[in-house]
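Asker: Each chain, written out:
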Amino acid sequence: MSGLFGLLQMGKRSLVAHQFAQNIVGNNISNAGIEGYTRQTTQLGSGGSIETPWGQIGMGVQVDGVMRSRDALIDKMYRDSSGSLGDWETKSFSMQNVEAMFTESDNDGIGARMDSFFNSWQDLANAPESSQARLALREQAQGLVDTFHRISNLLTSERQSINTQVVNVADRINDISSRIASLNERLPGKVKLALKQENDALDERDRLLDELSDLVDIKVIGRDEGGIAVYIGSINLIEGPHANKLSIEQESNGKLSISKLYDPGGNELKLNNGRLKGLLELRDVQLKKYEDRLNTLSRTLVKEVNSYHKAGYTLEGETDIDFFDAAFIDADSINLSEDVLGNPDKIAAASIDADGDNGQALLISALKDAPLVDGDGMREFYNTLITEVGVDSRFAIDSEETYGVLQNQAALQREGVSGVSLDEEMVDMIKYEQAYRAAARMVTTVDSMIETILSLK
Amino acid sequence: MRISNKQVYLMIQRNIDRPKTNFLGLHEKLSSGRDINRFSDNPYGAGQVEKIRAQLSKIEQYQRNIESGLAVLNQTESAQDRVESQLIRAKELAVTGASSAKNSSDRIAIAEEVNQILENVLSISNLKFRDTYLFAGVNTTEKPYTELRDANGDITAVTFNADSSGEIRHEVADGTYVTVNTPGSNMFNLKNGPIAALIELRDDLLSNDIPAIRSSHDKVGDAFDNVLNEHIKIGSKTARISRQSEQYSTLTVDLTAYLSKIQDADIAELAVQLGMNEVVQRAAVGAASRIVQTNLVDLLT
Numbered sequence: 002m003s004g005l006f007g008l009l010q011m012g013k014r015s016l017v018a019h020q021f022a023q024n025i026v027g028n029n030i031s032n033a034g035i036e037g038y039t040r041q042t043t044q045l046g047s048g049g050s051i052e053t054p055w056g057q058i059g060m061g062v063q064v065d066g067v068m069r070s071r072d073a074l075i076d077k078m079y080r081d082s083s084g085s086l087g088d089w090e091t092k093s094f095s096m097q098n099v100e101a102m103f104t105e106s107d108n109d110g111i112g113a114r115m116d117s118f119f120n121s122w123q124d125l126a127n128a129p130e131s132s133q134a135r136l137a138l139r140e141q142a143q144g145l146v147d148t149f150h151r152i153s154n155l156l157t158s159e160r161q162s163i164n165t166q167v168v169n170v171a172d173r174i175n176d177i178s179s180r181i182a183s184l185n186e187r188l189p190g191k192v193k194l195a196l197k198q199e200n201d202a203l204d205e206r207d208r209l210l211d212e213l214s215d216l217v218d219i220k221v222i223g224r225d226e227g228g229i230a231v232y233i234g235s236i237n238l239i240e241g242p243h244a245n246k247l248s249i250e251q252e253s254n255g256k257l258s259i260s261k262l263y264d265p266g267g268n269e270l271k272l273n274n275g276r277l278k279g280l281l282e283l284r285d286v287q288l289k290k291y292e293d294r295l296n297t298l299s300r301t302l303v304k305e306v307n308s309y310h311k312a313g314y315t316l317e318g319e320t321d322i323d324f325f326d327a328a329f330i331d332a333d334s335i336n337l338s339e340d341v342l343g344n345p346d347k348i349a350a351a352s353i354d355a356d357g358d359n360g361q362a363l364l365i366s367a368l369k370d371a372p373l374v375d376g377d378g379m380r381e382f383y384n385t386l387i388t389e390v391g392v393d394s395r396f397a398i399d400s401e402e403t404y405g406v407l408q409n410q411a412a413l414q415r416e417g418v419s420g421v422s423l424d425e426e427m428v429d430m431i432k433y434e435q436a437y438r439a440a441a442r443m444v445t446t447v448d449s450m451i452e453t454i455l456s457l458k
Numbered sequence: 405m406r407i408s409n410k411q412v413y414l415m416i417q418r419n420i421d422r423p424k425t426n427f428l429g430l431h432e433k434l435s436s437g438r439d440i441n442r443f444s445d446n447p448y449g450a451g452q453v454e455k456i457r458a459q460l461s462k463i464e465q466y467q468r469n470i471e472s473g474l475a476v477l478n479q480t481e482s483a484q485d486r487v488e489s490q491l492i493r494a495k496e497l498a499v500t501g502a503s504s505a506k507n508s509s510d511r512i513a514i515a516e517e518v519n520q521i522l523e524n525v526l527s528i529s530n531l532k533f534r535d536t537y538l539f540a541g542v543n544t545t546e547k548p549y550t551e552l553r554d555a556n557g558d559i560t561a562v563t564f565n566a567d568s569s570g571e572i573r574h575e576v577a578d579g580t581y582v583t584v585n586t587p588g589s590n591m592f593n594l595k596n597g598p599i600a601a602l603i604e605l606r607d608d609l610l611s612n613d614i615p616a617i618r619s620s621h622d623k624v625g626d627a628f629d630n631v632l633n634e635h636i637k638i639g640s641k642t643a644r645i646s647r648q649s650e651q652y653s654t655l656t657v658d659l660t661a662y663l664s665k666i667q668d669a670d671i672a673e674l675a676v677q678l679g680m681n682e683v684v685q686r687a688a689v690g691a692a693s694r695i696v697q698t699n700l701v702d703l704l705t
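Sequence lines, in order, name chains H and U.
Here the first sequence is numbered in my numbering, starting from 2 and rising by one per residue.
Here the second sequence is numbered in my numbering, starting from 405 and rising by one per residue.
Misleading hints may appear alongside valid ones.
Stated by the list, open to error - Derived, one-sided and incomplete: chain U residues facing chain H with beta-carbon distance under 8 Å:
| hint | residue |
| --- | --- |
| 1 | 469 |
| 2 | 500 |
| 3 | 543 |
| 4 | 547 |
Simulated from the structure, these hints should not be mistaken for lab results.
Using N, Cα and C, we set each Cβ at its ideal position, and we do this for glycine too.
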């Protein structure tokens with residue numbers, strides 16, 4: 002359209018466009034503090050042109066669309082580092098709990114108790130006829146046994162609580178998946194500059210993807226036909242509007258209730274990163290390793306002490322008496338034999354049937370450092386265990402920090418692209434306001450021009 | 405480079421949190437006095453600490469063992485002292501008794517005293533220490549020497565109970581054992597020990613037989629030598645383990661110092677770090693307050 006009325010239209014279009022742009026600015030400013038908000042920019046474009054005998058002339062401005070400033074590559078970086086952070090954050094937290102379980106003081110902790118236990122065999126060797134020495138020995142043995150129980154039970158309950166978290170996380174993953182899937186129903190795929198984007202819904206989906214990436218290692222792929230797919234490794238978790246579920250099966254292995262996770266294909270879930278991976282590794286590998294070591298220690302203790310004790314003679318001349326109950330050899334159940342619990346005089350110190358002989362007591366006390374566990378002494382084996390706990394814990398703490406820094410970097414970069422800068426918005430606001438005023442000026446000018454024409458006689 | 409407001413806030417938050425986290429770590433070390441408060445603070449150091457603790461515990465035990473052994477040895481030595489002085493007196497009596505200046509009734513009186521010495525030595529042979537018989541080998545709850553008496557109540561013979569040999573050992577160093585008891589047979593050997601010699605001397609005095617008295621005088625002398633030799637052996641054993649105990653005392657001090665070096669915090673250094681940390685914290689907070697104040701909105705009115 003040309004002519005004065007065309008001019009009027011042009012003015013109107015400018016007013017509308019710049020008011021719209023101001024709206025977007027206002028939206029950015031209002032949402033600046035919201036977690037996960039992606040700033041929007043109005044794309045104003047030329048409103049077309051028409052042919053005239055004097056060449057093409059433009060027809061004003063129009064709103065081409067609203068651009069959402071998001072960089073998929075930075076998103077990927079952020080999510081990858083989130084996955085690693087989730088993994089190590091979980092491990093660091095749990096390992097610090099585990100460390101606390103093993104803490105040694107001067108008279109508590111398995112190491113100190115083992116020292117006291119074997120020392121009291123020597124005290125018995127110093128006075129092999131003494132019931133008093135036997136009472137003291139039994140007390141030390143009880144202390145050692147109780148400590149084994151305590152730590153073993155703490156480990157088990159840590160594993161159990163991790164298992165609860167595993168279930169919670171799996172449920173959360175399934176929940177997030179269905180929410181993303183329902184968002185996918187109405188959202189397009191990887192297009193960045195679409196004209197009719199539902200920015201709020203896209204922000205929501207990105208927030209959900211961020212949360213998911215903390216829990217498992219995800220790969221987000223846009224589909225040409227619209228929508229996105231989310232993969233965990235090679236497992237398709239979300240395909241457009243369809244969410245596939247992880248399934249959970251309860252298993253019980255004695256005192257522990259383990260939840261096993263299966264992918265949508267029915268195979269056991271294998272993960273490369275994320276909180277869930279951290280939890281599963283803690284439960285099934287790391288904490289189990291410590292439990293196994295404790296059990297090795299308690300089994301060696303029971304077996305070796307008993308074998309020497311049975312060869313010894315008690316104060317009443319009996320032999321073949323167990324010191325520890327031979328039916329309970331694991332760390333959570335190790336116990337003194339009924340004989341010893343009932344009557345401390347059944348503790349055998351002698352190698353022959355003579356009250357003053359202390360041969361067996363000396364032999365048993367020498368077990369502490371004898372190379373009975375893979376060439377190491379029991380005390381040495383334990384020292385190695387707690388060094389390993391320390392190393393594992395240190396590594397988890399350091400990794401958590403490293404990935405925390407990485408995630409923070411990625412977050413900052415993302416903010417750089419998608420975050421709102423109030424100063425920038427202020428400038429835009431001034432810009433659009435001026436343009437609006439100019440457009441209004443134009444309208445009044447054209448109006449008076451029309452007035453002029455209309456008043457021609 | 406584009407900077408959004410949130411970026412600024414994120415960075416500020418992180419930079420303020422860091423000195424705060426450091427502060428927590430320093431505070432923990434200062435209030436516990438320890439550099440190592442958990443294994444992850446220094447895994448290798450924590451392992452060392454455990455090793456040293458185990459060693460200190462072992463040494464403490466060896467000290468106890470040595471103390472216990474010394475008690476037995478000292479008791480043995482004092483018993484030997486008494487036996488020796490009794491035997492010296494017996495020798496003197498034998499000399500007097502062998503003198504031709506004495507007559508048979510004198511000899512009967514001397515024999516009385518020798519008999520008394522015999523009773524003393526017998527009771528020493530059954531000496532108890534801490535409720536157990538000192539010279540009974542490993543059968544410490546059974547009396548080692550039993551006497552036979554005649555119608556007058558005098559000792560005629562002494563028998564040795566069960567198996568009173570056997571060594572009682574204590575561990576005083578890794579794999580090093582010391583025998584702390586003295587089997588009765590070493591001191592009161594029934595064939596040629598003090599008891600047999602004394603019985604013979606008494607009987608010879610009673611029978612007024614001078615050459616026999618001279619011969620039993622020699623036997624008492626031999627018995628005395630044996631006891632003395634045994635005494636000397638025990639003396640050197642005692643000296644040896646006492647020396648070991650002293651070495652342990654020194655070692656304990658050294659190990660404890662080493663333990664402290666690994667474990668304990670250097671308070672002065674921590675105080676300095678704390679001060680530096682505070683400076684950093686103030687700077688971060690100060691800078692933050694300057695940045696957040698600058699805003700275009702304020703200027704556009």
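Asker: Determine for every hint whether it applies to the structure shown.
Answerer: Against the structure, the hints:
1. Of the supplied interface hints, the one on residue 469 (chain U) holds, with its beta-carbon coming within about 6 Å of a beta-carbon of chain H, less than 8 Å.
2. The interface hint given for residue 500 (chain U) is violated, since its Cβ lies 41 Å from the closest Cβ of chain H, which is over the 8 Å cut-off.
3. Using the Cβ-Cβ criterion of 8 Å, the hint placing residue 543 (chain U) at the interface with chain H is satisfied: the shortest such distance is roughly 5 Å.
4. Checking residue 547 (chain U) against chain H: minimum C-beta separation of about 13 Å lies over 8 Å; hint violated.
Hint compliance for this structure: hints 2 and 4 are not met, and every other hint is.
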